[in-house]
Amino acid sequence: MSSHGTTLRLRALSKRYRTGDLALDRVDLDVPAGQVMALIGPSGAGKSTLIRCVNRLVEPTSGSIVLGSTDITGLTPRGLRRARQRMGMIFQEYALVERLTVMENVLSGQLGSVGFWRSYFRRFPEATVRQAFAMLERVGLSDHIDKRADALSGGQRQRVGIARALVQNPEILLVDEPTASLDPKTSRQIMRLVCELCAEHGLAAVINIHDVQLAQLFVQRIVGLRAGRVVFDGPPGELNADVLTEIYGEEDWTASLGGKQAASSAQAALEVEEERLAGLT
Amino acid sequence: MRAVERNESVIWRRRAPKAELVRFAGWFALATLTVFCFQVMTRDTVWSFLLDAHIQAADLGSRMFPPNWGYIDKLWWPLWETLNIATLGTFLAILFGVPVAFLAARNTTPSTTFVRPVAMFFIVASRSINSIIWALVLVSIIGPGALAGIIAIALRSIGFIGKLLYEAIEEIDTAQVEAIRATGASRAQVLVYGIWPQVRPAFAGISVFRWDINIRESTVLGLVGGGGIGLQLQASLNVLAWPQVTLIFLVILLTVVISEWVSAKVRHAYI
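These protein sequence lines map, in sequence, to chains A and B. Note that the numbering used here has the first sequence beginning at 161, numbered continuously upward. Note that the numbering used here has the second sequence beginning at 972, numbered continuously upward.
Worth double-checking, as some hints may not be accurate.
Claimed, not checked - Computed list of chain A residues with no C-beta within reach of chain B, every gap over 10 Å: (1) Ser203; (2) Ser222; (3) Arg244; (4) Glu286; (5) Ala287; (6) Lys307; (7) Asp371; (8) Val390; (9) Trp413; (10) Thr414; (11) Ala415.
What the hints assert, rightly or not - Capping the alpha-carbon separation at 20 Å, the derived lysine to any residue pairs in SDA-like fashion look like this: (12) A:Lys307 to B:Arg1171; (13) B:Lys1134 to B:Ala1173; (14) B:Lys1134 to B:Ser1082; (15) A:Lys307 to B:Trp1167; (16) B:Lys1134 to B:Phe1174; (17) A:Lys307 to B:Gln1169; (18) A:Lys307 to B:Ala1240; (19) A:Lys345 to A:Asn329; (20) B:Lys1134 to B:Leu1221; (21) A:Lys345 to A:Thr288; (22) A:Lys307 to B:Ile1242; (23) B:Lys1134 to B:Phe1093; (24) A:Lys307 to B:Tyr1241; (25) A:Lys307 to B:Phe1067; (26) B:Lys1045 to B:Leu1221; (27) B:Lys1134 to B:Thr1083; (28) B:Lys1045 to B:Trp1213; (29) B:Lys1134 to B:Ala1175; (30) A:Lys307 to A:Asn329; (31) A:Lys345 to A:Gly315; (32) B:Lys1134 to B:Phe1067.
Just so you know, these hints were derived from the structure itself, not from any lab. Beta carbons: idealized from backbone N, C-alpha and C, even for Gly.
Kindly generate the complete structure, drawing on both the sequences and the hints.
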């Protein structure tokens, strides 16, 4: 895939829930091919809604969503299923099917291109199975292929979630709070893995994330959302106390800004954490 | 007003005095009703009959023992038939009950306004009539025998399986279903990959539990001509062959104990 052109284009995207809450208010957003973008903002700002509107797990109220050259909003059910194959989604609480094995979970990423009976009897095409094996090796889970998903740790589960999304051969990753249930070290590993895989496959990504520092470390662009509107859009370096106040509201932001000083203190904190873990074992 | 200030100290009570009085009145009314009902209930009881009840019981007991062990040869076949009625009836109920459950569950039904009420009606209709009543009706329609028993068991069990299963379906984790939908899977694939793995343990538990109940129910279907060991029970009761009745009781007891053990094993294996 070329790194030119736009993968995802949102125009005047609005979502009003039946309760009357306006979650998204005429959002315009372009994600170029291959760009990893972080979406930050307080809880309830509409980050999750935005991501879910893109693959229409949530139906947008108005506006348009264009993936490549496909208008997502006007699709028939069959067309929507085909479009969903082109978007890999990674979830906050992993959303693995707990009672299926790791391999079954990864293969489920290909359900859209396999007929019902083949998927029912788990007779996936050889190429898909080979790809699933390769992907599991890439995310470091080769030893856990036949384990049930609920037997894994949080970090391992999220790796299965990542493998499932990538087996779809998507054009874009929709990532909803990938690290919210993970410890600081695992969070970093997962973010690094997601960003590396995006680079390897030339994927664009929209990553919802609460941890501003973590976002600054890994992504190329940050978009700030407040009350359903885009209030910041720029490179991580442009994020300052004023901008964070604009997004989240008044607070002392000095400790969470990713300047040189802050980054090195975060590194120190991580090292302390590692030492503590080493001491425990 | 729970906290009351008295003599400069704060006293806390669980309920306000008025609520306390209302509760007391409620309990008092319930006790009065119980006494009244007991009087209505026992109005026609002839107490002199009750006085020698223990003698009657001992007399019946002495006529029931020892069990007629030789009669067992005539019980093997009816026992086998009873087990078959219960098992086939349960299979039939699963065959129809599972689709009904998916049509009744709010999150899987194709339409909450039309299909769901129809499915709910089937569930309620099936559950409201006991198997022995179903058997009575069926014996007069398709004649006596095991087939009537099987269908009677199935008709009663569809509602049971349907109700418990649709409740399990409604309680599943939606995130897992969403994740499968997000891959571009069809509705049928979402059902097989996202929903079925989550309800499978409940399904196994419900099915063996119903099979277990059906074994007990199929032992009496013979009383109305539905086949199985109940036929022998009725025949023995009619000729006052109490030692045979005792043996039938023992055989039923043993069967139920074994089925209970099997269903516990299956449930354990599926969690």
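Does the structure keep B:Lys1134 and B:Leu1221 at a Cα separation of 20 Å or less? Violated, at roughly 33 Å.
Given hint B:Tyr1241 paired with A:Lys307 - CA-CA distance at most 20 Å: holds (16 Å)
Holds or violated: B:Lys1134 to B:Ala1175, with C-alpha atoms at most 20 Å apart: holds (14 Å)
For A:Ala287, is the shortest CB-to-CB distance to chain B above 10 Å, so the non-interface label stands? Holds, because the least Cβ-Cβ distance between A:Ala287 and chain B comes to about 17 Å, which exceeds 10 Å.
For B:Lys1134 and B:Ser1082, compute the direct alpha-carbon distance and say whether it is at most 20 Å. Between B:Lys1134 and B:Ser1082 the Cα gap is close to 17 Å, so the pair holds against 20 Å.
Please confirm whether A:Ser203 is truly not at the interface, meaning its C-beta sits more than 10 Å away from all C-beta atoms of chain B. holds (17 Å)
Holds or violated: B:Lys1045 with B:Trp1213, Cα cutoff 20 Å? holds (15 Å)
Given the hint that A:Lys307 pairs with B:Trp1167, does the C-alpha gap stay at or below 20 Å? Holds - the C-alpha atoms of B:Trp1167 and A:Lys307 are around 18 Å apart, at most 20 Å.
Would the pair B:Lys1134 and B:Ala1173 pass a check requiring their Cα atoms to be no farther apart than 20 Å? Judged against 20 Å, a Cα distance of about 12 Å means the pair holds.
Chain B versus A:Thr414 - minimum CB to CB distance exceeding 10 Å, so not interface: holds (36 Å)
For a C-alpha distance cap of 20 Å, please report whether A:Lys345 and A:Thr288 respect it. violated (32 Å)
Hint consistency between A:Lys345 and A:Asn329 [alpha-carbon to alpha-carbon, up to 20 Å]: Violated - the C-alpha atoms of A:Asn329 and A:Lys345 are around 28 Å apart, more than 20 Å.
The structure fails hints 3, 19, 20, 21, 25 and 30 (numbered hints given earlier, in ascending order).
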